[in-house]
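**Student:** From first to last, the protein sequence lines stand for chains A and B.
Per the working numbering, residue 1 is the first one in the first sequence, and the count goes up by one each step.
Per the working numbering, residue 342 is the first one in the second sequence, and the count goes up by one each step.
Derived from the structure by calculation, the hints contain no laboratory data.
Just so you know, even glycine gets a beta-carbon here, dropped at the ideal spot from N, CA and C.
Worth double-checking, as some hints may not be accurate.
If you want the footprint, here are the derived chain B segments under chain A, 3+ residues with CB under 8 Å [to be verified]: (1) 347-354; (2) 373-380; (3) 575-585; (4) 597-606; (5) 804-817.
Not the full set, but computed from the structure, chain B residues with beta-carbon under 7 Å of chain A [stated by the list, open to error]: (6) ALA590; (7) ARG618; (8) ARG622; (9) GLU630; (10) ALA634; (11) ALA639; (12) LEU660; (13) GLU663; (14) ILE757.
Here is what each chain is made of, one letter per residue.
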Amino acid sequence: MNLQVNGGVLAPELTKADFQSAQETRWCPGCGDYAVLAAVQGFLPELGIPPEQMVFISGIGCAGRFTYYMDTYGVHGIHGRAPALATGLAATRRDLSIWVITGDGDALSIGAGHLVHALRRNVPIKILLFNNRIYGLTKGQASPTSETGKVTKSSPDGTREEPLNAVSLALGAEATFVARTIDRDKKHLPAVLRAAAEHPGAALVEILQNCPVFNDGAFEPYTDRTSAAETLVHLEHGEPVRFGAESTRGIARDPAGSLAVVDRTEDLLVHDAHRADPSLAFALSRLGQQPGEPLPIGIFRSVDHPVFASNHEALAENRSGFGEPELDALLHGGDTWTVGA
Amino acid sequence: MTRVEERERVIVRFAGDSGDGMQLAGGRFTDATAALGNDLATLPDFPAEIRAPAGTLAGVSAFQIHFAARDILTPGDKPTTLVAMNPAALRSNIEELEPGGTLIVNEEAFTVRNLQKAGYRANPLEDDSLSRYQLKRIPMLSLTQRAVEGIEGVGSRDAQRARNLFALGLVCWLYDRPTDVVEEWIEAKFEARVAVMEANRAAFRAGYAFGDTTEQIDVRYHVAPATDIAPGTYRTVNGTTATALGLIAASQRSGLQLMLSSYPITPASELLHELARHAKRGVRTVQAEDEIAAAGIALGAAFGGALGVTATSGPGMDLKAETIGLAAALELPLIVIDVQRAGPSTGMPTKTEQSDLLMALHGRHGESPLPILAPATPGDCFYTVYEAAGIAIRYRTPVIVLSDLFLANSSEPWRIPQSADLPPIDPDFATLPPEDGQFLPYTRNPDGARPWAVPGTPGLQHRIGGLEKQDGTGNISYDASNHATMTAARQAKVDGIEISPLEVDADEGAEILVIGWGSSYGVMGAAARRIRIAGRKVATAHLRHLNPLPPNTGEVLRNFRRVVCVETNTGQLANVLRARYLVDVESYGKVEGLPLFAAEVEEEILERLR
């Protein structure tokens, strides 16, 4: 299947190899980043966009190296600023497919301001946020998504702060596409990435990613086959929100208006990712934080809104009509007078 | 009977409360003066507060214009005529009025309450404290009210607001300025509000007629059109407009999309406002979420093949340092415009200073050299940013342009260039993959510049980043000798930038050299002129390139027995010159939020000649 993304040209017969650079990958053995890289390189050929039309822009952190492993154009920028670089590129180049690779420290701590504004501007970029709930590259400090009480090198007595929820934050920042997926889910991950690629505006995809060295097993309950049926709830647009080994449990609106876990199959919340009002998506994003609540994965929100800097064509036309005579006319604007020789 | 006296040059200052419309009156007076063919230079001086408490010293806003029958270089030191719209304006400006100068006051504003707010115990109009000046007490408010009486739809508030036009009319009469320029402006400005237009026009005419009929002012001054002006077509520009035009010209001549990203900051916001109006010429502007993002957005655009620009002032420069360092590592064109203001920290946002030179040179971690340019005059901002764009593109480097608040706000006549005469700028994008298939983004041409291959170009996909790059491939490299090679290559590229030699304007046998940079240009020239009129010898040299410095700089410095460096800081360039050339450069600087005055610089030079 070929898709049109940001006006990308359909190219014939692209393969995974077209997106693999010659650089040797150097993440730790067993790092979840390998799985994400393989999934991205594996699904990109489907988009039909040639590698030269693609740009990967990353910040600092283990995930930041991702850029070097893609045989596309790429910038490995500075800590937290990838959305800003990507915004500048998107503001002047509508013909490109632009991807931002970031992590929980990069996007939610030092670069949180840029993330929020790229989302609210609806910049046509796809942001893949690798969340491993730890600082890996700097060797194991608590991150803004580390669970309260987490003992790390920088928090020997356990963290005291509340963790940030990337999906809730994105929804609060007026994001038009917000999804969550898991590094080890070889079907769900590419499906979510594909949907993000198809989205015309800004897309935020939180990818729960295991760090085998500094935070191993952080997402074990969600990746372990025996427990996942009870700990995860898959959001499918237009479908009742249900989960459990026999799909006998679900999410429903309680009389007070909030969402609750229920043991029934009838009268469940029907997920509507296209709903204009983000408050139900936000309520869903709050699930999974209390014991007994399943963690939702899938697409929380996907709505059409005006895209940032979408007047490219008009601007390009204006520019091509601005030649030397027009420049001379501009320079001579306002009141002028002439002094004779 | 009113006499008319001929003057070679005149300095007029309009001063009032920030709500009194003094900048507007000054701006219109400037237009009328330009139309008459005088050379001119202006200096707006306003408070940081948008509306400081009315009538207080903190709220005083002033506009000074220096105009002459010959070429002039500065907005002038001391006014020969002061218009004071209230006691606070009088109090904060009277010290600077030339003895014998004309003092025009709006006497109705000298109420007990306003006198108290300005800190006057007694009304200065009533005692002899102003006897050194030609005091003209004019009831501007009631005269304006009378002028607008009977205009339908005009209330007393409108009348009050129009009193700046009355003052303007009077000063236009005093200096024999044409009235049509101002009237045309009023008609265009208030086209949609006929009553306001008529009120303003009536007030302006009343002011002019007041001078003409009352004989309260018995001398008018005539300043003939300047004759030593180079032939050509002129317009009035301030530094901000000239900067905007220079960037648009560079975009048009290079064929690159112009993209400015800025975060609101005084006094650089004006450039964002100015360029935001040019979408119809293909200009893209993005108001960023912060200073860091503004630099990042401009750099991201540059990666995509645009002319990326970010503009700010001191505090914003602090924040952009990290991104400027990245641009130096990525070796991409980026223009960073620093409209300097008084620091440190928030400092004085509406007051000028040239104190970011050392920061521009050294304010990044690691070895991250980059070119620095500084415009000499408001009109020169055009050529400076145009040259900065040429250097950034040719050498694939971030460039810092050190403008300042004085240049940004000050106006002067500007000889309009023909676009065809501007030097060409060739982006020289890499377009074809090498024959062996491996594109090397960090190879260098004889200029030391690397290829600029933009996304979308087939076969040239590459990755660049802030990590040290392997020479040639651009791949990550921690190799020790490679880092030394790359550090030297980045330095050599900047050191080798082709710039014009330092020109010296020296009298035969001059022993003292006055050197300066950026906006010191005008005051250096004006001071040298005074020295020469006094029969003494002097030499001047102005640096528009601060990094690299012109190749002959050391030679020039060593040619003089004494060198004094003039700058609006505590000696930043002087230190650089001393360190670089081991010459005993003396420093003369001032940090009072205003440009230097010619008389001060003259005095400094004369002292050293004694």
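**Student:** Take the hints in turn and mark each one as holding or not.
**Tutor:** Cross-check of the supplied hints:
no., hint, result
1, 347-354, "violated (count 0)"
2, 373-380, "holds (count 3)"
3, 575-585, "holds (count 3)"
4, 597-606, "holds (count 3)"
5, 804-817, "holds (count 7)"
6, ALA590, "6 Å, holds"
7, ARG618, "11 Å, violated"
8, ARG622, "5 Å, holds"
9, GLU630, "4 Å, holds"
10, ALA634, "4 Å, holds"
11, ALA639, "6 Å, holds"
12, LEU660, "11 Å, violated"
13, GLU663, "6 Å, holds"
14, ILE757, "5 Å, holds"
The structure fails hints 1, 7 and 12 (numbered hints given earlier, in ascending order).
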